[in-house]
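My numbering numbers the first residue of the sequence shown as 180 and each following residue consecutively.
No lab work stands behind these hints, which were simulated from the structure alone. Careful, some of the hints might be misleading.
As the list claims (entries may be wrong) - Distance condition first, Cα-Cα at most 25 Å in a straight line; then the derived DSS-like pairs of lysine-lysine: (1) K268 with K281; (2) K323 with K290; (3) K252 with K268; (4) K234 with K218; (5) K294 with K323; (6) K281 with K310; (7) K294 with K281; (8) K323 with K266; (9) K264 with K281; (10) K213 with K234; (11) K223 with K252.
Claimed, not checked - Per label pair, the in silico range of CB-to-CB distance: (12) P251 with T309: 30 to 36 Å; (13) E306 with K243: 32 to 38 Å; (14) T182 with S202: 16 to 22 Å; (15) E216 with Y303: 45 to 51 Å; (16) K264 with F206: 39 to 45 Å; (17) M259 with R183: 41 to 47 Å.
A virtual CB, placed ideally from N, CA and C, is assigned to each residue, including glycine.
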Amino acid sequence: MVTRTGIETKKGPILCETYHFTSLGAFLYFELFKCIEEKFMPVKCRNCGRWFIMKHTTFSHYCKRLVSSNPPKTCRDNAMSHNFKEKIKSDPVWEIYNRAYKQHYARYMKKKMSKSQFAEWGDYAIELRTKASDGELEIEEYQKLIRI
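Make a model of the complete structure from these sequences and hints.
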């Protein structure tokens with residue numbers, strides 16, 4: 180049952196709704212549909228299996244609950260890391276790119292490469308990776324060119 184009442188405040192009157200439920204099930208059913216109406220969807224986390232509310236602005240199958248405290252990691256962090264590692268294992272183009280990126284980043288950190296040189300190489304490497312993924316470049320040729 181819904182009751183609508185007006186309440187006087189300093190800023191003026193406001194309309195309030197009061198709901199009366201006959202059971203907990205009725206309340207939960209009502210809340211579920213209110214969430215759906217506001218585009219908040221209940222989703223089961225693919226990492227921990229617990230339910231969470233997915234807001235309409237984000238789309239993720241993983242919750243933001245802390246999984247480990249040192250360093251603080253969430254299910255979403257773990258999933259992103261795991262998915263990236265799987266992509267590297269399963270795709271030779273990404274594996275070659277990742278290896279070359281780590282080598283060039285080490286050069287940059289040891290001051291053997293300037294920031295602008297590293298950024299320039301990064302753009303070049305992404306272009307090569309795209310061509311290799313699209314099949315425009317053979318793997319062997321890609322491997323030679325990306326190490327330059």
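The hints, checked one at a time:
1. K268 with K281: holds, 16 Å
2. K323 with K290: holds, 23 Å
3. K252 with K268: Holds, at about 22 Å.
4. K234 with K218: Given that 25 Å is the threshold and the Cα spacing comes to 7 Å, the pair holds.
5. K294 with K323: Holds - the C-alpha atoms of K323 and K294 are around 23 Å apart, at most 25 Å.
6. K281 with K310: Judged against 25 Å, a Cα distance of about 20 Å means the pair holds.
7. K294 with K281: Holds - the C-alpha atoms of K281 and K294 are around 15 Å apart, at most 25 Å.
8. K323 with K266: holds, 21 Å
9. K264 with K281: Distance of about 14 Å is within 25 Å: holds.
10. K213 with K234: With Cα atoms ~13 Å apart, K213 and K234 stay inside 25 Å; holds.
11. K223 with K252: holds, 18 Å
12. P251 with T309: 30 to 36 Å: With Cβ atoms ~34 Å apart, the hint holds.
13. E306 with K243: 32 to 38 Å: holds, 34 Å
14. T182 with S202: 16 to 22 Å: The hint (16 to 22 Å, Cβ to Cβ) holds, given that T182 and S202 are roughly 18 Å apart.
15. E216 with Y303: 45 to 51 Å: holds, 49 Å
16. K264 with F206: 39 to 45 Å: Since the Cβ atoms of K264 and F206 sit about 43 Å apart, the hinted range of 39 to 45 Å holds.
17. M259 with R183: 41 to 47 Å: This hint holds: roughly 46 Å between Cβ atoms.
When held up to the earlier numbered hints, the structure conflicts with none and fits them all.
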